[in-house]
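Trainee: Below are the chains, spelled out letter by letter.
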Amino acid sequence: MSHSHHHNAQQDSYYIPDAIWDRGRNVLGAFFLLGWGAALAGYASNHDQFFQSYLVAFFFAFSIAIGAALFTMIQHLTGSAWSVPVRRIMENIMLSLPVLGLLFIPIALGVHSLYEWSHPEFVAKELLKLKVPVYELYLNPKLFYVRAVAYFCIWTFWAWRLYSNSRAQDATKALEPTFSNERWSAPGMLVFFLTSSLASVDWVMSLNPHWYSTMFGVYCMAGGAWGFFALLTFIFLRFRANGIMANSVTTEHYHDLGKWMFALTVFWAYIAFSQYMLIWYANLPEETVFFLARRTGTWEAVSGILVFGHFLITFLVLLARNSKRTLNVLRFATIWILVMHYVDIYWLVMPNFQKNGVAPHWIDLATMAAVLGTLALAFWMRLRKVVIAPVGDPRFKKGLEFQNV
Amino acid sequence: MAEKPSIHGLVADFDSPDKLMDAIRAARKAGYSKMEAYTPFPIHGIDDAMGAKPSILGYLVLCGSATGMAIAVWLQWWTGAVAYPLVIAGKPFFALEPSIPIIFELTVLLSAFVAVFGMIGLNGLPRLHHPIFNYSGHRAITDDRFVLVIEASDREFDATGTRDFLAAHGADKLELIEA
Numbered sequence: 001m002s003h004s005h006h007h008n009a010q011q012d013s014y015y016i017p018d019a020i021w022d023r024g025r026n027v028l029g030a031f032f033l034l035g036w037g038a039a040l041a042g043y044a045s046n047h048d049q050f051f052q053s054y055l056v057a058f059f060f061a062f063s064i065a066i067g068a069a070l071f072t073m074i075q076h077l078t079g080s081a082w083s084v085p086v087r088r089i090m091e092n093i094m095l096s097l098p099v100l101g102l103l104f105i106p107i108a109l110g111v112h113s114l115y116e117w118s119h120p121e122f123v124a125k126e127l128l129k130l131k132v133p134v135y136e137l138y139l140n141p142k143l144f145y146v147r148a149v150a151y152f153c154i155w156t157f158w159a160w161r162l163y164s165n166s167r168a169q170d171a172t173k174a175l176e177p178t179f180s181n182e183r184w185s186a187p188g189m190l191v192f193f194l195t196s197s198l199a200s201v202d203w204v205m206s207l208n209p210h211w212y213s214t215m216f217g218v219y220c221m222a223g224g225a226w227g228f229f230a231l232l233t234f235i236f237l238r239f240r241a242n243g244i245m246a247n248s249v250t251t252e253h254y255h256d257l258g259k260w261m262f263a264l265t266v267f268w269a270y271i272a273f274s275q276y277m278l279i280w281y282a283n284l285p286e287e288t289v290f291f292l293a294r295r296t297g298t299w300e301a302v303s304g305i306l307v308f309g310h311f312l313i314t315f316l317v318l319l320a321r322n323s324k325r326t327l328n329v330l331r332f333a334t335i336w337i338l339v340m341h342y343v344d345i346y347w348l349v350m351p352n353f354q355k356n357g358v359a360p361h362w363i364d365l366a367t368m369a370a371v372l373g374t375l376a377l378a379f380w381m382r383l384r385k386v387v388i389a390p391v392g393d394p395r396f397k398k399g400l401e402f403q404n405v
Numbered sequence: 001m002a003e004k005p006s007i008h009g010l011v012a013d014f015d016s017p018d019k020l021m022d023a024i025r026a027a028r029k030a031g032y033s034k035m036e037a038y039t040p041f042p043i044h045g046i047d048d049a050m051g052a053k054p055s056i057l058g059y060l061v062l063c064g065s066a067t068g069m070a071i072a073v074w075l076q077w078w079t080g081a082v083a084y085p086l087v088i089a090g091k092p093f094f095a096l097e098p099s100i101p102i103i104f105e106l107t108v109l110l111s112a113f114v115a116v117f118g119m120i121g122l123n124g125l126p127r128l129h130h131p132i133f134n135y136s137g138h139r140a141i142t143d144d145r146f147v148l149v150i151e152a153s154d155r156e157f158d159a160t161g162t163r164d165f166l167a168a169h170g171a172d173k174l175e176l177i178e179a
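As you go down the protein sequences, you meet chains A and B in turn.
All letters in the first sequence, in the order written, are residues 1 to 405 by the working numbering.
All letters in the second sequence, in the order written, are residues 1 to 179 by the working numbering.
Simulated from the structure, these hints should not be mistaken for laboratory data.
Even for Gly, the Cβ is constructed at its ideal location relative to N, Cα and C.
Treat each hint with caution, since some may be false.
[As the list claims (entries may be wrong)] Taking lysine-lysine and the DSS-like style, the derived pairs with C-alpha atoms no more than 30 Å apart in a straight line are:
hint, chain 1, residue 1, chain 2, residue 2
1, A, Lys355, B, Lys91
2, B, Lys91, A, Lys398
3, A, Lys398, B, Lys19
[What the hints assert, rightly or not] Simulated restraints on C-beta separations:
hint, chain 1, residue 1, chain 2, residue 2, range
4, A, Ala282, B, Ala81, 17 to 23 Å
5, A, Ile154, B, Ile88, 43 to 49 Å
6, A, Asn328, B, Pro98, 38 to 44 Å
7, B, Val82, A, Gly101, 26 to 32 Å
8, B, Phe94, A, Val266, 22 to 28 Å
9, B, Ser55, A, Glu182, 33 to 39 Å
Based on the sequences and whatever the hints tell you, model everything.
Mentor: As structure tokens, this is what we get:
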């Protein structure tokens, strides 16, 4: 239709200009080096604090990467057109998974600083109380490493399949890779959901081996997918400010990204509340221990930040149609969501160590800088001199022209 | 003595959505404001082109959800803690935690009622007849025709002037319809 504003989409080159790429590499490279410098200084000054802070940073990034993988597959399964212009960046966030495999090494090295169940004395004491040999069959360092390697092999394989299929279309515009991605996505959803659920049990839930919740995995992934959409939107707003794909990703696409952030705000709250209410209602000591720790002392304030900041404020900010179409509001929302997602992961991990109340530490920031610096630099390196949108996808044109009714 | 039927407006019938959109934009530019379009499928951007104001339905739904929320809190507090205070499983007579699912449900229920019935009401439904049915070609609107009606109550309306104007903008069939 002649009146549409997206006709200028042809002006976009779908490459990051060299000057901008170089500048980005310098900034992210400095971030990476300073981050690791600070993190190593943190490790030297306080081993336990380093591993704990590192776990928060690692899991924060991990949950977002899994969110990217799940939603890349959902786009293939639903045959979405609106998301095609932003899908290559989704795929690139998903490709953080192999890098996270390398970033897992410090966790593997810090098992004894992090997990009670890795200590033979603890297990010996526990065995007397248990009918099922949990620690022999599941929670022991050897199996913990085996599972981690298996998770990362599976995720890397799948992410590589989805990405290379998508890339294969860029020049040829062939249809077959689209069908192939649909076929890989259906079992992929199942596999990613199960493995990421198990991984969140291994890496975070087992910090307190006495506590369990069958909703823990979906809780982590709901927050991760939420953070993923915030990151994706943030990246495109940065692109826009630098004139990259600024005519291709329009208010219509931002509106849909905003809808996803809003929907996942509610989904996270739904899962978080369900978990809380079921435990509250049953009132069993082995279950309430989790919330007891998080309603004691200053941790209660952090729980309040999650109720009001993670849910209520985000809900109200993103509720109106206009706020999802106002880029300044969305920019605020993306940063807010990423900060709140960090608070959420911090709240999951740290009460296991900080029993006397919240104790923020500079190493928290240092490990965040190291993990995010590594992933951001790797992300940026992957975008050098390559097409940053799936221009060969059969739905690409339709995606550019997408409009909300 | 039968009254002379008054005129509802002038129908302009087009064979493509693009022509209809162009005519709408031209009519707006020429100062017409009371118009209605009829098409076989939704057309992106037609609301903006016609200068339709955003619906107030969203705000009505917000009121509905707030009402649902208030009723749910009151209902559970009054039944649990005032009218029938029974101790069940050592739980408090009223607590927010177990009340939230019902608060949520009633919020959604009243929002949905207001959304559906509000939409019907704001669309002027139910009604038994509409002047567009007086147009001889109205059946084709659900098939492949795109119709613009400029209402007779428009300040700029003038039976011959408006007809010439719309004919110049690609209408291949023009007809005055009775109210």
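Trainee: With reference to the structure, classify each hint as holding or not holding.
Mentor: Verification of the hints:
Between the alpha carbons of Lys355 of chain A and Lys91 of chain B the distance comes to roughly 28 Å, so the proposed pair stays at or under 30 Å and holds. Between Lys91 of chain B and Lys398 of chain A the CA atoms are separated by roughly 56 Å; this puts the pair beyond 30 Å, and the hint is violated. Among the hinted pairs, Lys398 of chain A with Lys19 of chain B is consistent with the structure: their alpha-carbon atoms are about 22 Å apart, no more than 30 Å. Checked against the hint of 17 to 23 Å, the C-beta distance between Ala282 of chain A and Ala81 of chain B comes to roughly 22 Å, which is consistent with it.
The hinted range of 43 to 49 Å is satisfied by Ile154 of chain A and Ile88 of chain B, whose Cβ atoms lie roughly 47 Å apart. A C-beta distance of roughly 40 Å is found between Asn328 of chain A and Pro98 of chain B, which places it inside the suggested range of 38 to 44 Å. At roughly 59 Å, the beta-carbon separation of Val82 of chain B and Gly101 of chain A lies outside the given 26 to 32 Å, and the hint is violated. Remark: the range hint 22 to 28 Å for Phe94 of chain B to Val266 of chain A is upheld by a beta-carbon distance near 25 Å.
Hint check: Ser55 of chain B to Glu182 of chain A, Cβ distance near 37 Å, so the stated range 33 to 39 Å holds.
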